[in-house]
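Asks: Here's the letter readout for the chains.
There are 4 protein chains.
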Amino acid sequence: MTNQPATHGGAGVESLAEVLRRFAEERDWQQFHTPKNLAMALSGEVGELLAELQWLTPDESARVMADPVAGARVRAEIGDVMIYLVRLADVLGIDLVQAATDKLADSARRYPVEQARGSAAKAVDA
Amino acid sequence: MTNQPATHGGAGVESLAEVLRRFAEERDWQQFHTPKNLAMALSGEVGELLAELQWLTPDESARVMADPVAGARVRAEIGDVMIYLVRLADVLGIDLVQAATDKLADSARRYPVEQARGSAAKAVDA
Amino acid sequence: MTNQPATHGGAGVESLAEVLRRFAEERDWQQFHTPKNLAMALSGEVGELLAELQWLTPDESARVMADPVAGARVRAEIGDVMIYLVRLADVLGIDLVQAATDKLADSARRYPVEQARGSAAKAVDA
Amino acid sequence: MTNQPATHGGAGVESLAEVLRRFAEERDWQQFHTPKNLAMALSGEVGELLAELQWLTPDESARVMADPVAGARVRAEIGDVMIYLVRLADVLGIDLVQAATDKLADSARRYPVEQARGSAAKAVDA
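Protein chains in written order, with the working numbering: chain A, 39 to 164; chain B, 39 to 164; chain C, 39 to 164; chain D, 39 to 164.
Note that these hints are calculated values from the structure, not bench results.
Glycine included, C-beta positions come from ideal geometry on N, C-alpha and C.
Be aware that one or more of the hints could be misleading.
Okay, the calculated beta carbon distance ranges per label pair [said to hold, decoys possible]:
hint: 1; chain 1: B; residue 1: 150; chain 2: C; residue 2: 106; range: 56 to 62 Å
hint: 2; chain 1: C; residue 1: 68; chain 2: A; residue 2: 97; range: 25 to 31 Å
hint: 3; chain 1: A; residue 1: 144; chain 2: C; residue 2: 104; range: 41 to 47 Å
Going by beta-carbon spacing under 8 Å, a handful of chain D positions derived as facing chain C [what the hints assert, rightly or not]:
hint: 4; residue: 65
hint: 5; residue: 88
hint: 6; residue: 94
hint: 7; residue: 96
hint: 8; residue: 138
Turn these sequences into a full structure, and let the hints steer you where they fit.
Replies: Following this line, the structure appears as structure tokens:
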């Protein structure tokens, strides 16, 4: 893997999880990869992502990918966040896409289309 | 979608992104879903995830899924984090798995197996 | 302290630190209050603060205290963040105001008034 | 202030808030310092703080200040967090120490000494 990062096809998240597992094993990093530590690392990476967007207006943030330099930084931070989220879910034995899908089904019940339409207040827990 | 959350097959992240897009459109929430706002929401959900793990020792955190109540809460928070990460990447036009794979290729160069083995210091930016 | 929270006079942060120390000791919580755990708790509280502001425009956020309900929530979250920050600094033996003052002196060198004026890019590390 | 950072005496937080206000005004940064943006910056700095502690065990984190290099980094990050928290509270018109003291009075009611003693579960919202 150090030579050729896995391409992702249908598997997507699952194959990424496997690549990350091998990456950690090769470096003997499993000892550091407790859920507690990985959650902190995830939070640290989200902090770096926020730092890219903090002084932009919402409109400017919507155009951030049009700037090649800022866009590349945002993409790299998003990549880091995904790495730690996938690794954390893998260590916990959680299927990320399924967990998100289940949570969304809850949200669909709590925010029925008719009541929630156009209301930021109702969007709080989307 | 409000009636039947998408099952995920090969598509995984892509189909989740699509479901989330429709979820937002139906509620007219696209106006709130700027990258800036979504990054804040992502960070808020990661904060809730940390709150589940903050008083646990690293070892206890490794066993958290064995407790049905705590495990369900952790899984729900992970689901929320994934929802906002997928939605944010979709709004930015970023392929999540590819961004992570590219970033990992960088890490493989910066942390060659031989030097990085077993060293927490070297694991900082995994 | 459980009966009458300290009023703060000149001492401010120092007396708050002392009150928090006693609060933890009375509950035998020092065992949980490692820097690692407290940093996670701090991050969790910042996440709750972000959740209060995430769907607001920057202008709306500037008026948030005018709404008694939202304002009270923001004030409570700010209070929680301060509690954990003061407790963390106390456990680490760091003088919060002095650490901030020293860091600001660095920023003053890195962002001289003339070059930094009105530039968001220069404000990144304020 | 760019020449001589304020010493802090009795005033502490209040005088730091004033120094930060002048720092922003001199650079015409008030336009960026909305509560929303400052909360994001605060979160970003907390993320950098977490990154310093993420791979340490709780015990190692308790000894982090004994290492001059790591200790200096932690102190600098704590300083950054305090800067943004004080600035955010100032912009919102919130008295930080009072907000924390009020919140602590709530916690004292919710976590009476007798029931809370030694219980991590009860420490969740300290």
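Asks: Hints first: check each against the structure and report whether it holds.
Replies: Now the hints, each set against the structure:
Range check, residue 150 of chain B to residue 106 of chain C: Cβ separation about 58 Å, and the 56 to 62 Å hint holds. Under the hint 25 to 31 Å, the C-beta atoms of residue 68 of chain C and residue 97 of chain A, about 48 Å apart, miss the expected range. For the pair residue 144 of chain A and residue 104 of chain C, the supplied restraint of 41 to 47 Å is violated, since their beta-carbon distance comes to about 33 Å. For residue 65 of chain D, the interface hint holds, since its Cβ comes within 8 Å of a Cβ in chain C; the closest pair sits about 5 Å apart.
Contact between residue 88 of chain D and chain C, as hinted, is supported at the beta carbon level, the nearest pair being about 6 Å apart and thus within 8 Å. A least Cβ separation of about 6 Å between residue 94 of chain D and chain C falls short of the 8 Å threshold, and the interface hint therefore holds. Hint status for residue 96 of chain D: holds, given a least beta-carbon distance of 4 Å to chain C, under 8 Å. Of the supplied interface hints, the one on residue 138 of chain D holds, with its beta-carbon coming within about 4 Å of a beta-carbon of chain C, less than 8 Å.
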